[in-house]
Amino acid sequence: MAPTLNAESDESLLTLLASGSHAAFATLVNRHAPRFYATAYHLVHSREDAEDVVQDAFLKLWRQPGIWDPSKGAKFTTWFHRIVVNAALDFRRKRRARLEPLEAAFAVSDVSEHPDDALENAARQNLINEAVKRLPEQQQLALTLCFYQELSNDEAAKIMGLHVKALQSLIMRAKSGIKIMLKIEDIRADQLRRRRRK
Amino acid sequence: MSVDDFQFLLGVHGVNLERWPWHFRIRARLSLRRSPHMQALMAREVEFEQRLSAITVEPHSANFCARIIASSAAFSLQPEHHPIGFFAALARLLLEIAPPRPAMSLSVIVLAGVILGYVWNEAVGNQSAETLFSALFSLQKSVL
Numbered sequence: 592m593a594p595t596l597n598a599e600s601d602e603s604l605l606t607l608l609a610s611g612s613h614a615a616f617a618t619l620v621n622r623h624a625p626r627f628y629a630t631a632y633h634l635v636h637s638r639e640d641a642e643d644v645v646q647d648a649f650l651k652l653w654r655q656p657g658i659w660d661p662s663k664g665a666k667f668t669t670w671f672h673r674i675v676v677n678a679a680l681d682f683r684r685k686r687r688a689r690l691e692p693l694e695a696a697f698a699v700s701d702v703s704e705h706p707d708d709a710l711e712n713a714a715r716q717n718l719i720n721e722a723v724k725r726l727p728e729q730q731q732l733a734l735t736l737c738f739y740q741e742l743s744n745d746e747a748a749k750i751m752g753l754h755v756k757a758l759q760s761l762i763m764r765a766k767s768g769i770k771i772m773l774k775i776e777d778i779r780a781d782q783l784r785r786r787r788r789k
Numbered sequence: 039m040s041v042d043d044f045q046f047l048l049g050v051h052g053v054n055l056e057r058w059p060w061h062f063r064i065r066a067r068l069s070l071r072r073s074p075h076m077q078a079l080m081a082r083e084v085e086f087e088q089r090l091s092a093i094t095v096e097p098h099s100a101n102f103c104a105r106i107i108a109s110s111a112a113f114s115l116q117p118e119h120h121p122i123g124f125f126a127a128l129a130r131l132l133l134e135i136a137p138p139r140p141a142m143s144l145s146v147i148v149l150a151g152v153i154l155g156y157v158w159n160e161a162v163g164n165q166s167a168e169t170l171f172s173a174l175f176s177l178q179k180s181v182l
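Quick mapping for you: the protein sequence lines, in order, are chains A and B. Each residue of the first sequence is one higher than the last, beginning at 592 in this note's numbering. Each residue of the second sequence is one higher than the last, beginning at 39 in this note's numbering.
Treat the hints with care, as some may be off.
[Said to hold, decoys possible] Over the 10 Å line for every Cβ pair with chain B, so calculated as not near, a few chain A residues:
| id | residue |
| --- | --- |
| 1 | W670 |
| 2 | F682 |
| 3 | P727 |
| 4 | I778 |
| 5 | A780 |
| 6 | K789 |
[Unchecked claim] A few chain A residues that face chain B, going by a derived Cβ cut-off under 7 Å, partial list only:
| id | residue |
| --- | --- |
| 7 | F616 |
| 8 | N621 |
| 9 | A624 |
| 10 | E642 |
| 11 | W653 |
| 12 | I719 |
| 13 | M763 |
[As the list claims (entries may be wrong)] 25 Å max Cα-Cα, derived DMTMM-like pairs, lysine to aspartate or glutamate:
| id | chain 1 | residue 1 | chain 2 | residue 2 |
| --- | --- | --- | --- | --- |
| 14 | A | K666 | A | E741 |
| 15 | A | K756 | B | D42 |
| 16 | A | K770 | B | E56 |
| 17 | A | K749 | A | E642 |
| 18 | A | K749 | A | E728 |
| 19 | A | K770 | B | D42 |
| 20 | A | K685 | A | D647 |
| 21 | A | K774 | B | E85 |
| 22 | A | K749 | B | E87 |
| 23 | A | K770 | B | E83 |
| 24 | A | K774 | B | E87 |
| 25 | A | K756 | A | D745 |
| 26 | A | K724 | B | E96 |
| 27 | A | K724 | B | E83 |
| 28 | A | K770 | B | D43 |
| 29 | A | K685 | A | E642 |
| 30 | A | K685 | B | E96 |
| 31 | A | K756 | B | E87 |
| 32 | A | K774 | B | D43 |
| 33 | A | K770 | B | E85 |
| 34 | A | K774 | B | D42 |
If you are wondering where the hints come from, they were derived from the structure by calculation, not from laboratory data. Positions of the beta carbon are idealized from the N, C-alpha and C atoms, including for glycine.
Isolated chain A (complex conformation) (with noise of 0.2 Å):
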């Protein structure tokens, strides 16, 4: 990779991959790849598949540079945090793989099983992912671009192509329905407990 390209913008790179410059392509991969990958496995849960959905994004973007419009006034990662987005959505949609039974995660964390206070938290931890994975669809990307990608509400609803109040409300939405999850699985690990002290 050209070492002087590291300090142009993502604006001019993709003016230079426009014209057919690998080098500029590299740049803006090395750059930004790992990002991306992080929103793509918050998606998708698995490391071949984000790396799958990131590689084919930035090869679409390599073989169509076009389809970057500057004119639209957008920054290039909020554009591209669509493009690997909706890859990624269409990823899961297609996959579609069948679901647990809800019963099945909370199943894992029953402290009854796990007495150790590790093994518990493994348990609680593995009920949080869980529980994320079980949100709908626009609430675990409202969750994902806002509180894991640290993105603020307007990029986020530009990304998700809302109103900032829709996004805000499907966050709220988000976290109201894990800490839900989370009440009640407290709620059971209490029971178990005290059904063992007797």
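Based on these hints, arrange chain B on the given structure of chain A.
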């Protein structure tokens, strides 16, 4: 700032007040200092976010970026290995040079027809053109 407002902002912007809209930050800090209820809400949200943060992203493979770059390089070589056919190349050329609007395309086609007709007329000669015209005329008469 009311407790409801605080709770809403806490939900949508998270526990890091630096990420809140600037016009809410100072009021939120003041309210937080004064209200034990808000402090309790903040403490609960901090605990919740800590649990959410513990969801880890599996690290990507070591050659992840290199693989994307290598794939793109391989892709750019493809046209040399699989040359496109004559008609595909012609279609691509026409699409590239075609004017963006249908009306303009029509004008270009008409103009091209006039030029072609003129060149044909000059090359073949007026007599041949007249012969062709009369042949076509008699064909039309016999059909009708």
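Hints and how they fare:
1. For W670/A, the non-interface assignment is confirmed: its Cβ lies about 18 Å from the closest Cβ of chain B, beyond the 10 Å cut-off.
2. Every C-beta of chain B lies more than 10 Å from that of F682/A, the closest at about 16 Å, which supports listing it as non-interface.
3. P727/A, annotated as away from the interface, keeps every beta carbon of chain B farther than 10 Å; the closest lies near 17 Å.
4. Look at I778/A: its CB is around 16 Å from the nearest CB on chain B, clear of 10 Å, so calling it non-interface holds up.
5. Even its closest Cβ contact with chain B, about 14 Å, leaves A780/A beyond 10 Å, as expected for a residue assigned away from the interface.
6. With a minimum CB-CB distance of about 29 Å to chain B, K789/A clears the 10 Å threshold, and the non-interface call stands.
7. Using the Cβ-Cβ criterion of 7 Å, the hint placing F616/A at the interface with chain B is satisfied: the shortest such distance is roughly 6 Å.
8. Restraint check, N621/A versus chain B: the minimum CB separation of about 5 Å is within 7 Å; hint holds.
9. Checking A624/A against chain B by beta carbon gives a least distance of about 5 Å; that is within 7 Å, so the hint holds.
10. At about 6 Å, the closest approach between the beta carbon of E642/A and any beta carbon in chain B falls short of 7 Å, and the interface hint on this residue holds.
11. With a least beta-carbon distance of about 4 Å to chain B, the hint placing W653/A at the interface is held under the 7 Å criterion.
12. Evaluation of the I719/A hint against chain B yields a held restraint, the C-beta minimum of about 6 Å falling below 7 Å.
13. Against a cut-off of 7 Å between C-beta atoms, the interface hint on M763/A holds, since the closest Cβ of chain B lies about 5 Å away.
14. The suggested pairing of K666/A with E741/A holds, with an alpha-carbon distance near 16 Å, which does not exceed 25 Å.
15. Restraint check for K756/A and D42/B: satisfied, since their Cα atoms lie roughly 16 Å apart, inside the 25 Å limit.
16. For the given pair, K770/A sits about 24 Å from E56/B by alpha-carbon distance, which is consistent with the 25 Å threshold.
17. The straight-line distance between the Cα atoms of K749/A and E642/A is roughly 24 Å, inside the 25 Å bound, and the hint therefore holds.
18. Between the alpha carbons of K749/A and E728/A the distance comes to roughly 17 Å, so the proposed pair stays at or under 25 Å and holds.
19. At roughly 18 Å between alpha-carbon atoms, K770/A and D42/B fall within 25 Å of each other, so this suggested pair holds.
20. Restraint check for K685/A and D647/A: the C-alpha separation of about 15 Å stays at or below 25 Å, so the hint holds.
21. Proximity of K774/A to E85/B is assessed by CA-CA distance (about 13 Å); at most 25 Å being required, the pair is judged to hold.
22. Between the alpha carbons of K749/A and E87/B the distance comes to roughly 24 Å, so the proposed pair stays at or under 25 Å and holds.
23. Between K770/A and E83/B the CA atoms are separated by roughly 10 Å; this keeps the pair inside 25 Å, and the hint holds.
24. Pair hint K774/A plus E87/B holds up; C-alpha atoms about 15 Å apart against a cutoff of 25 Å.
25. Taking the CA atoms of K756/A and D745/A, the gap is near 10 Å; set against the 25 Å cutoff, the hint holds.
26. Among the hinted pairs, K724/A with E96/B is consistent with the structure: their alpha-carbon atoms are about 15 Å apart, no more than 25 Å.
27. The suggested pairing of K724/A with E83/B holds, with an alpha-carbon distance near 20 Å, which does not exceed 25 Å.
28. Distance hint between K770/A and D43/B is fulfilled; the C-alpha atoms sit about 19 Å from each other, no more than 25 Å.
29. At most 25 Å may separate the alpha-carbon atoms for a hinted pair to count; K685/A and E642/A meet this at roughly 16 Å.
30. Simply put, K685/A and E96/B have alpha-carbon atoms about 22 Å apart, close enough for the 25 Å limit, and the pair holds.
31. For the hint pairing K756/A with E87/B, the CA-to-CA distance comes to about 21 Å; that is within 25 Å, so the pair holds.
32. Taken as a hint, the K774/A and D43/B pair is honoured in the structure, with Cα atoms around 23 Å apart against an allowance of 25 Å.
33. Between K770/A and E85/B, the direct Cα distance comes to roughly 11 Å. Compliance with the 25 Å bound is thereby established for this hinted pair.
34. Of the pairs offered as hints, the one joining K774/A and D42/B holds, with about 21 Å between alpha carbons and a cut-off of 25 Å not exceeded.
Checked against the numbered hints above, the structure breaks none of them.
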